[in-house]
Amino acid sequence: MELVLLILVPLAFAILIALRPAQEAKFHAVIGTLLAAGIGVNALGRFDWGTPATMQLSAAWDWLPTLGLRLSVGVDSVSLMLIALTLLLGPICVFCSFTAIQEKERTYYGWLLVLQAAMTGVFASRDIVLFYTCFEFTLVPMYVLISLFGSTNRKAAATKFFLYTFTGSVITLAGLVYIAWFNATQLDSIGIQSAGRWTFDIAALEAAAQAMPANVQGWLLLAMMCGFAIKIPLFPVHTWLPLAHTEAPTAGSVVLAGVLLKLGTYGMFRFVLPFLPAAVLEYAPIIATLSIIGILYGGLICWVQTDVKKLVAYSSVAHLGFCILGLAALNTVGITGSILYMINHGLSTGALFLLIGMVYERYHTRSMKELGGLACKMPVWATFMVFFTMASVGLPGLNGFISEFMCLMGAFQAGDKWGSLPGGTGGDLGFWYALIAGLGMIIAAMYLLYMVGRVVWGPLVLPAGHDDHGHDGGGSHGPLPTDLCAREIFVLLPLAVLCIALGLFPKPVIKALEPAVNNVVETINATGKRPDAASGVKAMNDLPGLPSSADVRHVSDADVSVASSSPTVQWGGALSGGDK
Amino acid sequence: MSEKLALLVPEIIVFLTTCIVMVVGLSPNLAVRRSCGLLSASGLFIAAILAINGPAGDGLLPGLTPYIKAVIALIGVLLVMLVAGTVDREEDARVSRGGVFNALRTNRAEFYSFILFSLTGAMLCASASDLIWLFLALELTSLPTYVLVTMSTRGTRSQEAGVKYFFLGALGAAVFLYGFALIYGGTGSTKFVDIASIIAQQGINQITLAGMILAIIGVSFKIAAVPMHFYTADVYQGAASPVTAFLAFVPKTAGFVSLILLLALVGWDHGTDKVSVGHTLPSQLRLLLWVMAALTMTIGNVLAVVQSSPKRVLAYSSIAHSGYMLVGLIAGPGDYGAGFAHNGIAAVLFYLAAYGLMNVGAFAALAGLERRGRDGRPVEIDSFDDLRGLCAGRPLLGWTLVVCSLSLLGLPPLLGFFSKLPLFTSGIASGEIVLVIVMGINSAIAAFYYLRFAAVAMLEDPSDGPKPLAAPFPARAMSGLVALVLVISLSFFGDALMKASRNAAVVEGSGVRAVPASPSPGHKAGDRHDAASPAAAPAQRVGA
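Chains as they are written, first to last, in my numbering: chain A, 1 to 580; chain B, 1001 to 1544.
Hints are computed from structural coordinates only; laboratory data are not their basis.
In this text, a Cβ means the ideal position worked out from N, Cα and C, and glycines have one as well.
Treat the hints with care, as some may be off.
[As the list claims (entries may be wrong)] Below, a list of computed lysine to aspartate or glutamate pairs in the DMTMM-like style, where the Cα atoms sit at most 20 angstroms apart: (1) Lys26(A) / Glu105(A); (2) Lys1191(B) / Glu1139(B); (3) Lys155(A) / Asp1461(B); (4) Lys104(A) / Glu24(A); (5) Lys104(A) / Glu1460(B); (6) Lys155(A) / Asp1385(B); (7) Lys155(A) / Glu103(A); (8) Lys1004(B) / Asp1058(B); (9) Lys511(A) / Asp48(A); (10) Lys155(A) / Glu1110(B); (11) Lys310(A) / Glu370(A); (12) Lys104(A) / Asp1382(B); (13) Lys1467(B) / Asp1385(B); (14) Lys1191(B) / Asp1058(B); (15) Lys1191(B) / Asp1092(B); (16) Lys26(A) / Glu361(A); (17) Lys160(A) / Glu1460(B); (18) Lys1467(B) / Asp1382(B).
[As the list claims (entries may be wrong)] Pair ranges (Cβ atoms, derived): (19) Phe1230(B) / Pro65(A): 39 to 49 angstroms; (20) Leu1287(B) / Ile286(A): 55 to 65 angstroms; (21) Arg20(A) / Lys1467(B): 17 to 27 angstroms; (22) Phe1493(B) / Ala59(A): 14 to 24 angstroms; (23) Pro65(A) / Gly1203(B): 54 to 64 angstroms; (24) Ala203(A) / Asn1053(B): 58 to 68 angstroms.
Taking the hints into account, I'd like the entire structure generated from these sequences.
The structure is reproduced here in structure tokens:
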């Protein structure tokens, strides 16, 4: 029931905002998001963390039963964490907009709440059509937010964003419908009793999709990635992102980076990996290669940016590349790291967008040429800026490090080219993938530190019209003081606390995520034509008698999967060591 | 004979209403004259109720008859509300200023009676069990519309549109009449049941096939599909907006019903077993429809993108929607056991109802606005500038336009999405994956111009200069409101309509897997059908 409330409460408040006078919009938005967050905390409490991999808090109603649709919700630990992130960013987005949004407040806060409801719906859905409905419906609020409240080029950015993502997800829908059809009538062709009626239930379709022949899975992978890769965005379909990010209002960028991009990676985790194990195994190297290109290319583009917001936007392309690399590793470490990265990226990049928005509100520029040495004018801002940049760079002890490291570790272990890797899990990635992606960490450090060096340190540079002294009296800030006000600090503080907490004590989160991830990994290993650990031993014993290349691969996989029965344990141990 | 008459009760009611309206519209009393709209709407409403509770048809798709009649009559009510004030506005104003009433100068009687005639024709299409009947019904649908277009505004554009529409319509009619003649020549009968059984027994011969091809191409005029789509934009733009809404729904519905009836003659389950995956239409017809569908949706959408007049955009988008629906026709009724999602015909029937609603909503927003022309007369708005900031200025019209255009785009969770989804599912179920992909890409192209409607109305500030005025006809806004409410609510509570459309799409007669007609289909019967589980369906068949 909590999950339904989490969707309905923001919607109800959005309607309330639309009906009440504009002066009250802010107030209702605060109450709505805080109420949703409260319900979210309650949901976290009611969730049974002993069995995080099973779907909980479920509820379902009939919805156009003739077509087989159900309004069905439920969460496992992965969904719940991402919902928690959404609910956390909700009030933050409202609070950070108090001064930035001065007109059309009802439109702004109303659509912000609708957006939150839609995003929560995506993570909570257990029915593919409900998922798709929420997934698509996020476009409308975001379109409105960008094209009404963005900066100069906002309309083009909003239209590009809408068309790009809409086009991709229609193809994804065709793929999902194909699976539903297969489940309804075509299972007979592979010797399983067909359901005989249409359903869009995720669990039922998962089983049907896994039973598909590998070549069909390959096509479906392509269809699904059309929507998800654009949303993430994966190189080379990332081109909408920098424009949308740069033009969006601050809260829009925070939501976009924080949650909306995760819809794509979540879709990959929830649909692509468990639905299409055979295809994923086959095409993982291609996906991983694209993600690595994204990491390096995004990083290099960041380096030459002069617009701070664009820099952070391109850094999202690079960071999400790590996310996909972790997913493509197809082992517990990589996927867990990837999900952790989704949360961490939401926290640190969201905070960076907030910080940039705060400067923009004061100086109306985001150009590095016009900003410099802000540390002496805005020490509190500078502190947060450096802190969140470090989190984003991946400084050990902060949140970005652990997840980035896990993604790389996953990619490294997912290779058996060198034989007996410690903790190796089999797969087609490996040392080189991890190494080249690791270069991305160095590039990230370069461009982010370069940006901090120019904007925070160095000689004071302010845009024309802002003198160096006596700003507090100047009218150009509006009600804002030179440095951050209490409200702004209040907005940043929870993010900072979480960055430290997740950096130092990620173990509870990882432990909660791991069972859900293990399910997926086991699915891939079991149904993706690989032997699991037990039969792996057997395959290894048969080693000399296996000629074909496919079988050779089996053996080598089996070889490492014996060791893979324990990597999670090892990893947990390593982390608890890090805690001390 | 009396059975056939019982079947025609809804049409007879509408026809009687037509006769009454023709007289009432000439009354010297203004208040009586003004009751034409109300009378027409009530007649249609009664007809709809009678159709829902009425008997099933005697053709190949017995359930189709009551369903389509009910849909046409109910959406007809909305269309009658929408056309309020289209004619006789100046005449009424002159009379109310104290002028002397002159029966020669009023158009109301003809206008409303032609609308009802056309609706009667469309309803008769659904009752057709014979080629000649079908031809007459189709012509009864179309002939009044040529006049409606011409008399809808006083401008020369309407006259041009009317003439174009008439000549091309006559061409279309000639083509499909030729086709009908060839079908008769090839099978020796004009009765659907006989033709279907002959084709089922002897297979389809070359003459019949040629007849079918000509018939399909001719009827594509009614549904505004390639290759007979050329008139659409000019005619839709030339007619007054309410009449355009009428054109976009009524002839299209009649055309699709005719196509369904014609294709049912050949049958989708032509010599295949029960678990068939691909098509079962003869390959030539399938190829023809395939090419028509792909071209229709692509041409409609691409040309809609480059238009600058909202009415032309909606005209081209109406072409595109016909293309989507053709996918359902290719898919056919599928395997009944697998339900609604497999049934392309049910998807088309559901889509027709949904399209009718969305279409009324979108045109209600356009028809609800007007400008003063240079001579002080009201003229229709015909540019996107006039729609700017509509949501702020006139929230009802604005939100109707936004919601209906997003629904036409197929954005979930609006009705348009849930009517497109069955086309997707049935297309995939019949193995038409490429066509479904083409349809998906076309939906994305459609986003270009539907988004423009939404963005202009919702996001932009009103343009400088005189703003468009509200047309002084509350019935128009009312029809928009009804459409708006239904477009949102049917996507959550539209199951009864889905069931009804599924029960309407059961092909009887020649089919290998005939399912008996229920004693009284329609919405009520739909529920009863559903109560029986799929497993019980074979038992029903045996029982019959």
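Results for each hint:
For a cut-off of 20 angstroms, the pair hint linking Lys26(A) to Glu105(A) stands: about 7 angstroms separates their Cα positions. In summary, the hint linking Lys1191(B) to Glu1139(B) is supported, as the alpha carbons are separated by about 18 angstroms, within the 20 angstroms threshold. As the CA atoms of Lys155(A) and Asp1461(B) are separated by approximately 13 angstroms, the hinted pair is consistent with the 20 angstroms bound. Between Lys104(A) and Glu24(A), the direct Cα distance comes to roughly 12 angstroms. Compliance with the 20 angstroms bound is thereby established for this hinted pair.
The straight-line distance between the Cα atoms of Lys104(A) and Glu1460(B) is roughly 12 angstroms, inside the 20 angstroms bound, and the hint therefore holds. Taking the CA atoms of Lys155(A) and Asp1385(B), the gap is about 16 angstroms. The hint holds against a cut of 20 angstroms. Of the pairs offered as hints, the one joining Lys155(A) and Glu103(A) holds, with about 18 angstroms between alpha carbons and a cut-off of 20 angstroms not exceeded. For the suggested pair Lys1004(B) and Asp1058(B), the alpha carbons sit about 8 angstroms apart, so the restraint of at most 20 angstroms is met.
For the hint linking Lys511(A) to Asp48(A), the alpha-carbon distance of about 13 angstroms falls within 20 angstroms, and the restraint holds. Restraint check for Lys155(A) and Glu1110(B): not satisfied, since their Cα atoms lie roughly 47 angstroms apart, outside the 20 angstroms limit. For a cut-off of 20 angstroms, the pair hint linking Lys310(A) to Glu370(A) stands: about 15 angstroms separates their Cα positions. Restraint check: the Cα-Cα separation between Lys104(A) and Asp1382(B) comes to about 28 angstroms, which exceeds 20 angstroms; the hinted pair is violated.
Annotation: proposed proximity of Lys1467(B) to Asp1385(B) holds, straight-line Cα distance about 10 angstroms (limit 20 angstroms). A distance of roughly 11 angstroms separates the Cα atoms of Lys1191(B) and Asp1058(B); the hinted pair therefore holds under the 20 angstroms criterion. Of the pairs offered as hints, the one joining Lys1191(B) and Asp1092(B) is violated, with about 48 angstroms between alpha carbons and a cut-off of 20 angstroms exceeded. Of the pairs offered as hints, the one joining Lys26(A) and Glu361(A) holds, with about 18 angstroms between alpha carbons and a cut-off of 20 angstroms not exceeded.
Proximity of Lys160(A) to Glu1460(B) is assessed by CA-CA distance (about 17 angstroms); at most 20 angstroms being required, the pair is judged to hold. Simply put, Lys1467(B) and Asp1382(B) have alpha-carbon atoms about 13 angstroms apart, close enough for the 20 angstroms limit, and the pair holds. A C-beta distance of roughly 42 angstroms is found between Phe1230(B) and Pro65(A), which places it inside the suggested range of 39 to 49 angstroms. The given range of 55 to 65 angstroms is broken by Leu1287(B) and Ile286(A), whose C-beta atoms sit roughly 36 angstroms from each other.
A C-beta distance of roughly 26 angstroms is found between Arg20(A) and Lys1467(B), which places it inside the suggested range of 17 to 27 angstroms. In this structure the hint that Phe1493(B) and Ala59(A) lie 14 to 24 angstroms apart at CB holds, the actual value being about 19 angstroms. Range check, Pro65(A) to Gly1203(B): Cβ separation about 39 angstroms, and the 54 to 64 angstroms hint is violated. The hint said 58 to 68 angstroms for the Cβ distance between Ala203(A) and Asn1053(B), and at roughly 42 angstroms that hint is violated.
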